[in-house]
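Could you build the full structure based on these sequences and the hints that come with them?
Number of protein chains: 2
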Amino acid sequence: MSQGNPKASPSASNRREFVQVSAGLTAFGCASIAATAATTDTSSEDHSTDAGESTSLIRPGDTILFQGDSITDVGRDRATADKPNQQAPLGNGYAWLAAAAMLVDRPDDELKIFNRGISGDKVYQLDDRWQENCLDIKPNVLSILIGVNDIWHKLKGNYDKTFVEYEQDYHALIERTKAALPNVRLVICEPFVLRCGAVDDKWFPEFDDFRAAARRVSEAEGATFVPFQSMFDRAIKHAPAKHWASDGVHPTNAGAALMAHTWLRTVGA
Amino acid sequence: MSQGNPKASPSASNRREFVQVSAGLTAFGCASIAATAATTDTSSEDHSTDAGESTSLIRPGDTILFQGDSITDVGRDRATADKPNQQAPLGNGYAWLAAAAMLVDRPDDELKIFNRGISGDKVYQLDDRWQENCLDIKPNVLSILIGVNDIWHKLKGNYDKTFVEYEQDYHALIERTKAALPNVRLVICEPFVLRCGAVDDKWFPEFDDFRAAARRVSEAEGATFVPFQSMFDRAIKHAPAKHWASDGVHPTNAGAALMAHTWLRTVGA
Numbered sequence: 000m001s002q003g004n005p006k007a008s009p010s011a012s013n014r015r016e017f018v019q020v021s022a023g024l025t026a027f028g029c030a031s032i033a034a035t036a037a038t039t040d041t042s043s044e045d046h047s048t049d050a051g052e053s054t055s056l057i058r059p060g061d062t063i064l065f066q067g068d069s070i071t072d073v074g075r076d077r078a079t080a081d082k083p084n085q086q087a088p089l090g091n092g093y094a095w096l097a098a099a100a101m102l103v104d105r106p107d108d109e110l111k112i113f114n115r116g117i118s119g120d121k122v123y124q125l126d127d128r129w130q131e132n133c134l135d136i137k138p139n140v141l142s143i144l145i146g147v148n149d150i151w152h153k154l155k156g157n158y159d160k161t162f163v164e165y166e167q168d169y170h171a172l173i174e175r176t177k178a179a180l181p182n183v184r185l186v187i188c189e190p191f192v193l194r195c196g197a198v199d200d201k202w203f204p205e206f207d208d209f210r211a212a213a214r215r216v217s218e219a220e221g222a223t224f225v226p227f228q229s230m231f232d233r234a235i236k237h238a239p240a241k242h243w244a245s246d247g248v249h250p251t252n253a254g255a256a257l258m259a260h261t262w263l264r265t266v267g268a
Numbered sequence: 000m001s002q003g004n005p006k007a008s009p010s011a012s013n014r015r016e017f018v019q020v021s022a023g024l025t026a027f028g029c030a031s032i033a034a035t036a037a038t039t040d041t042s043s044e045d046h047s048t049d050a051g052e053s054t055s056l057i058r059p060g061d062t063i064l065f066q067g068d069s070i071t072d073v074g075r076d077r078a079t080a081d082k083p084n085q086q087a088p089l090g091n092g093y094a095w096l097a098a099a100a101m102l103v104d105r106p107d108d109e110l111k112i113f114n115r116g117i118s119g120d121k122v123y124q125l126d127d128r129w130q131e132n133c134l135d136i137k138p139n140v141l142s143i144l145i146g147v148n149d150i151w152h153k154l155k156g157n158y159d160k161t162f163v164e165y166e167q168d169y170h171a172l173i174e175r176t177k178a179a180l181p182n183v184r185l186v187i188c189e190p191f192v193l194r195c196g197a198v199d200d201k202w203f204p205e206f207d208d209f210r211a212a213a214r215r216v217s218e219a220e221g222a223t224f225v226p227f228q229s230m231f232d233r234a235i236k237h238a239p240a241k242h243w244a245s246d247g248v249h250p251t252n253a254g255a256a257l258m259a260h261t262w263l264r265t266v267g268a
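Residue numbers (numbering that gives the first Met the number 0), protein chains in the order written: chain L, 0 to 268; chain D, 0 to 268.
To be clear, the hints were calculated from the coordinates, so they are not data collected in a lab. It cannot be assumed that every hint is accurate.
For identical chains, the list gives no copy identity; a pair is met inside one copy or between any two copies.
Straight line, CA to CA, 20 angstroms or less: simulated EDC-like cross-link-like pairs of lysine to aspartate or glutamate [claimed, not checked]:
1) K201 x D159
2) K236 x D81
3) K155 x D207
Below you can see the structure in the form of structure tokens.
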């Protein structure tokens, strides 16, 4: 697979984002984003050579950071958190499986992959630990999956903010990140649930508001959006919801594997 | 991702095989195959338009069959074996995870995916059940992973054939398949072990002879070769061998996920 050009021009970069979004569209049929991408990209005829080089968001030498809550954390070892590319500090979830695939596929690219997901986190809690757990790491690629606790803890009565604050806080977090790391490439993952276990009708339609908010943040911030909910909505045609996430929130091994696949496919890794 | 052209010309087909092999090379650095592919492909300048269309071995409408032993079987439900695209009859291994990814990525392609792996099988036992368990299914794409029992059962004293018979029997099985299904697209997966659990020094160097035999069969038969041993040899730099296959032979969930990734990547799905 072609690697990204580390010195890609701005126009090549625009083209890459278009290719990224288009890939997501082909897979998941998000017509509204298609229209957005089509209108913002005017360079597709001019950079045919770039297309092959720019199909991956991941470039040689990149530091890649996975951030989020328990779905990203999955039992990662804190004591060795500063050691890149090893299973123990990368946990046992989609982040580790995606990392393993990239490391095995690209052994000469000197990637450095870290995980700093923490179980239970909501978006404002990422902000509380962002200097040490993101900015100091100086990632070239930052992937975030956050949101399910923002609604779950509210349903449990432990929290009282809505998707409006979630969206505001998420934007502020990304703006803070861009101010410190102007060249960071962003991946925003869609929060998702499966209708089983702890997830019942009480979650809806509010959960859809959180999902839509994450998508708006991604679009407004020029991130690559990984549509995990669309993926699981298709996956349940082939296996029951509990096969993918027995409690409706935390993926099984099969759910994590499918997430890693879709993450890699969406970022073109 | 572009789909293969169902009516690809023979030259486009040659080009596709070249692309497949090249993809494997990029990932796994098999110089000898690179030379073979480079010398047999003379059409790369003439079919630039085909390249995008022919990067996937999987085409709309395909019936895909996974065949093999316990590593493919992984508890699949026999009672529903004739039902395509469902988790229970596809098991819980790499075949299911690869199938799930294809089905989620390509919901409109009307793929039909089956698994007929049976625990304990050696290559001659595939031949015993080939009419019912392969030819009658008429796969467009046939993926086979077989070989570890051919040596393991020998080490246990239950079997006395060598890699020479394995290679002969494997060739005969493929020739029988091609005679019945002349247009079948073949995927031959490399047998692999990890050095832990049941796998010790007694397995070597004979196991390497079996791996090399599978590769020779793949090359001679024009199949797409999935280099699982090379993959796991890289993977153990990032997690211990037992993380990938606790007994050295049967993949864990993480091992199966990495296998599915490499299978999909190699066939360009």
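Return the numbers of the hints above that this structure violates; sort them in rising order. Violated hints: none; all satisfied.
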